[in-house]
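Top to bottom, those sequences are chains G and R. 389 is the number of the first residue of the first sequence in my numbering; add one for each residue after it. 53 is the number of the first residue of the second sequence in my numbering; add one for each residue after it.
Do not take every clue at face value.
Stated by the list, open to error - Rough simulated footprint, nothing fancy, chain G against chain R, three-plus residues with beta-carbon under 8 angstroms:
{"hint": "1", "region": "119-129"}
{"hint": "2", "region": "167-174"}
Claimed, not checked - Here are the simulated DSS-like cross-link-like pairs (lysine-lysine), alpha carbons at most 25 angstroms apart as the crow flies:
{"hint": "3", "chain 1": "R", "residue 1": "Lys169", "chain 2": "G", "residue 2": "Lys623"}
{"hint": "4", "chain 1": "R", "residue 1": "Lys143", "chain 2": "G", "residue 2": "Lys623"}
{"hint": "5", "chain 1": "G", "residue 1": "Lys465", "chain 2": "R", "residue 2": "Lys143"}
{"hint": "6", "chain 1": "R", "residue 1": "Lys143", "chain 2": "G", "residue 2": "Lys591"}
{"hint": "7", "chain 1": "R", "residue 1": "Lys76", "chain 2": "R", "residue 2": "Lys169"}
{"hint": "8", "chain 1": "R", "residue 1": "Lys143", "chain 2": "G", "residue 2": "Lys466"}
{"hint": "9", "chain 1": "G", "residue 1": "Lys623", "chain 2": "G", "residue 2": "Lys604"}
{"hint": "10", "chain 1": "R", "residue 1": "Lys169", "chain 2": "G", "residue 2": "Lys604"}
Read the hints as simulated data drawn from the structure, not as lab findings. Every residue gets a Cβ at the ideal spot worked out from N, C-alpha and C, and that includes glycine.
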Amino acid sequence: MMDSAILDAFFEECEDLLVALSDGLADMREGLADDETLNAVFRSVHSIKGAAGAFSLEDVVGFAHIFETVLDDVRSKKLATDEALLRVLQRAGDILADLVDAARDDLPADRDQVDPVLRELESFLSTDDLVKEEFVFEALTLSFDTRDSGSEFEVSFHPSAEFYAAGNDPALFISALHDLGPCTVQVETVKLPTDLADFDWTKGYLTWHVVVADQKNDLAIREIFEFADDLCALKVHETTKDDPQPDVMSLPEEVETVPEPDLEPAQAARPSTQKASKKSASTLRVDPERVDRLINAVGELIINQSVISQRIEEASLPNSSELYGDLDNYKLLAREIQEGVMAIRAQPVKPLFQRMLRIAREAADATGKDVNLVTEGEATEVDKIVVERLADPLTHMIRNAIDHGIEKPEERAKTDKPATGTLRLTASQRSGSIVIEIIDDGQGLNRERIKEIAVSKGLISADAQLSAQEIDHLLFAPGFSTATEVTNLSGRGVGMDVVKTAITALGGRIAINSIAGQGTTFSITLPLTLAVMDGMIIHVGGQTMVVPITSILETIRPASTDLAQIGLDNQLLRIRGDYVPIIDLAERFGVTPQSASLTDRVLLLIQTESVSQCAIAVDDIVDQRQVVVKSMQGTYGQITGISGATILGDGKIALIIDPDAIAAGQGNALSAHIRAQKEDAYATT
Amino acid sequence: MSAHILAIDDSRTIRALLTATLEKAGFAVTTAVDGVDGVAKFQEAQADLVITDVNMPNKDGFGVINDIRQGQVNRAVPVLVLTTESGAALKDRARRAGATGWIVKPFDDEALVSVIKRLTGT
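Using the sequences provided together with the hints, build the complete structure.
This is the structure we're talking about:
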């Protein structure tokens, strides 16, 4: 049990060390590495090796050892860090990470992957290094003849000044010899100065003779002097009966202890440098389950808070009641607690981005393209779950960008682009959301081709009128990409629809912006927190529902002049000279609106990814407040247009709507009409 | 009275292993995360023996030994160097730095404990 806890700690530490390694290697690639960086890179590998050895993880140790030896040559400037070496070091870093992963999962190392890199690493080593190598790994086996009965050994040692300076105490040696068998101890004092004034405590004056009986050989004795044999002129030999005894002063049983060297008064005090020492102990490791329990409790607290505020309102207290002030304080505190708890779960995206560096390298190698992945905003913090669930979508998108977006060097040469493509992966926090962008400087989306594929898959009709944005969004349509359509690099049986589903499940949105010849940007917008969100409480046909505040641009009470109609029942809202489709939420959910006329109702102008903007018609706006998001997927499966549910102050359950999905249903058809109308308008002017 | 060991290593895995091994053997253990922390802790706490890693940030193991040996406090304390290196070169370097002895990683629990017992007289 103890061991498995330490093993867990080891793997956790490896994660940190691998990040440090990857950072350092990145700096080396950028030419930003100073000596300390090189040392840190070396230390990361060295620490992994050292700790892995304790658990007998031979594959990790063996690889780390060669890796470390190369790095040692790099840091001692025996090896120049050219492009070829850097590439191998990067690969070695990846392999080391793989080996650690394999060790964690108790899987054998993938020798097909490991060995070529190992050989490449070795090619940088001098034969000298490699010979040393074998020496280190050679197990030392000794065989010696064992005799039936023990014999007597005489041990003589004369501690020098260095012996004492290295922290040794003769008494301890004698006592250790005594543990081996019966001893007689004698001390030779002839070198002691006769005048005490000549005595220098730092010098060694005494020679000890210890006769140890009952020994099979001198190995155990020599082991005691393992660290000090060269500091005390050690002599060990087997005694024979006629061995002449040295002329010594005999000592009885008691062993005289040599006084420990004391402080030298003249020694100047050394100020210690304690500055940096405390910092590393300032993090706390907590079982994530505890944090999850806390988050659930905070969710309940927020529900409870809305129950209390509802009760207080129903009690119709006088406006002057102090209870209102207290309630506000309570809300403030609850929000603070909630933010505090979410901050505990927040993690920087850095480890996630680091993984993408590797994905990009591998994808670039596989496609024969030169790609430089630049990461920005690595310190941006997102919820732990987001970090975990974004890994697959990001991997897929990075692969796609390199496979389909960035051109081959020879094609790039035909334009004025540099031969090396740049892929930027950025994270930032923008007004209550986290935005992650994947920006390539490639050829942009081939919209003609996308349309062709979509038509051939029956996703759209051949004569469909689609805006550039809508064509781009076909990428996310289920069934758009199939294994036959994508290369074996990006295609792993999943298409962009899976990416979109994953991001939607996190309460996020994804947008594409592509310019032919200049590149494509995928923007993922995610809520800051997952468990609690700011919602607008609305009424529709007697139902209470919640719309996420992040997707609402503005709310409008339309005048009849703001409304227009296409066909029999397609309504449009005219806003600032533009038309946006109106989606009646009541109609969408099959309930009866409180009024048939839109002018009696409220429109929520929504920003969506698929049809840019649309207006959702609701009966009324009730309130704006924090709601606790409860997933319904486990019980009801995926319901289009609904992203979850929450419990309101009065204990009722309200559904949280997914504006994107709502807009996607009717919006697509409608926006085609709008564009047709616009084009007509342009044609006539 | 159990001997008090100060263990200095930047790897928390090794620190955990040392702590577990030594505490099981009845020693009191204080850990430090790098050389600078180690020297600071050494001055605060009465250690009967110091085990230090060599490759560490801020100050390496030889720097630690140097500070201890040149310092005012308990400067004749036995210091064991814990390292993955082996061979004569290490022995020479450790010796010149003033180390009492050296243990090669990965260490054998029993050997480590027996060396410490010997060096602390427990």
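Comparing the hints with the structure gives:
1. 119-129: Per the Cβ count (8), the hint holds.
2. 167-174: Satisfied; 5 residues make the cut.
3. Lys169(R) - Lys623(G): holds (23 angstroms)
4. Lys143(R) - Lys623(G): holds (20 angstroms)
5. Lys465(G) - Lys143(R): holds (24 angstroms)
6. Lys143(R) - Lys591(G): Status holds; Cα separation ~23 angstroms.
7. Lys76(R) - Lys169(R): holds (13 angstroms)
8. Lys143(R) - Lys466(G): Status holds; Cα separation ~23 angstroms.
9. Lys623(G) - Lys604(G): holds (17 angstroms)
10. Lys169(R) - Lys604(G): holds (23 angstroms)
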